[in-house]
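J.: Hey, can you work out the whole structure from these sequences and the hints?
2 protein chains.
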Amino acid sequence: MEQQPNSNRRNFIRNVSLGSLAALSLPNIVAAATGEKKAHAKKVTLKKDAVILFQGDSITDAGRKRDNSEANNPGALGNGYAYLAAASLLKEFPDKNLKIYNKGISGNKVYQLAERWDADCLQLKPDVLSILIGVNDFWHTLSGNYKGTVKTYRDDFTALLERTKQQLPDVQLIIGEPFAVNGVSAVNDKWFPAFDEYRVAAREIATKFEAAFIPCQAIYDKAEKSAPGSYWTGDGVHPAIAGASLMAASWMDVVKK
Amino acid sequence: MEQQPNSNRRNFIRNVSLGSLAALSLPNIVAAATGEKKAHAKKVTLKKDAVILFQGDSITDAGRKRDNSEANNPGALGNGYAYLAAASLLKEFPDKNLKIYNKGISGNKVYQLAERWDADCLQLKPDVLSILIGVNDFWHTLSGNYKGTVKTYRDDFTALLERTKQQLPDVQLIIGEPFAVNGVSAVNDKWFPAFDEYRVAAREIATKFEAAFIPCQAIYDKAEKSAPGSYWTGDGVHPAIAGASLMAASWMDVVKK
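Respectively, the protein sequence lines represent chains W and P. According to our numbering, the stretch in the first sequence is residues 16 to 272, in order. According to our numbering, the stretch in the second sequence is residues 16 to 272, in order.
Careful, some of the hints might be misleading.
Given that identical chains are not distinguished, each listed pair holds provided it fits within a single copy or across any two copies.
Below, computed lysine-lysine pairings styled on DSS-like, alpha-carbon distance capped at 30 Å [stated by the list, open to error]:
1. K205 <-> K62
2. K237 <-> K111
3. K114 <-> K271
4. K240 <-> K58
5. K114 <-> K80
Please keep in mind that the hints were generated in silico from the structure rather than gathered at the bench.
T.: The following block contains the structure:
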């Protein structure tokens, strides 16, 4: 499995001069190195019979069969990172009797998760809830058809998680960072730096809610060193198999072994 | 990743008395320990731009979209072990520019592979050809609707591979062992010991053609120690996600790193 976060940490530490390190306390050095403070080190623990729910937009949806509501059903899990993570989970934790669901829906922004949250999250009573949302919250503003801002994203996402924690106080959260691969098809310079604010918001929300965090942008940035962006994502937004596979590996890294 | 073959080897060596070991030469000890002689240790090497083809029956098919003939397309790879192996391959070998196809078809026996071999194998010119076939060659005899024997299976499979090697002399072969999990739904004592002969035949054919070998039966037998058979396969024949994930991991074990 890829050890993206560790490599990033190593690269950072290599790049920081001793002088600047001396000015920081050790916890701050680690926080600066990971760039993610507490959220990054957070892991989830799988208890027996745990229910694991993947939520999000098309990246999570990945062509899942919506007419099947069984747990651990390959069609119902789609063919993206959620399915690949499920395959690793079910292989590695056979004694846990895990029940894994994917309820991602293509095109969703945060407010659309909120609209279907009772049926598609709270009623399933997940022990582990993994959410990757945000690229549409930005992308759909480019056409002028959606007027939400990064404040809308941050406020809606915060409200959604507060509502979730109220109903499911013991839920363990995993938040995936929205990402975009510049120069591949749908993604160009017009996205930046505005899109980066959504990444920052997701990371801050992960910290606030003590969620484990999947640093997707770093995953793709690093991946581009070994193959072009178009190898990892078809259009800069949707993962190719290779990208989904990297994401699933990083998702597995936040599960306590 | 699971290291099934090595564990089996270790268990065997632990169980063999020193006296019986002394009567064998070292290569024979290793061969006896693996139970698979040369075939088991065989690995495939991935060259740049390699074409990898998965062939077989429903276990390989796994709901793939037949109207899509693109390489590395998630829908076209189905959602079984072939897709999971493809996801690992594409993640681990980004510099190889691999082209991966799945042409498994549900219900197929060896003679049906032969009927569609020109279009669904030879024309794709695979560098690595992975075949898992045989459960239907036995299973369909139980209803009396198919009259083939294990000799039919062995002869047809041998002829298919001879034809393949003639057209593609450099192809690297991977052969998966047909498997059945007794006591789960479709599989019961009536299958045995007759079904085991198909496993033996597949293994011998792998040795004869110097194919890498995936010992699927051992994978499922070992898996039953950590969760019931029905966790790994829904009906004793078709892998659940967990079973497909184990198979993909073993498939990856025969790829030279």
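J.: State the violated hints by number, sorted upward, taking the hints as numbered earlier in the document.
T.: Hint 1 alone not satisfied by this model.
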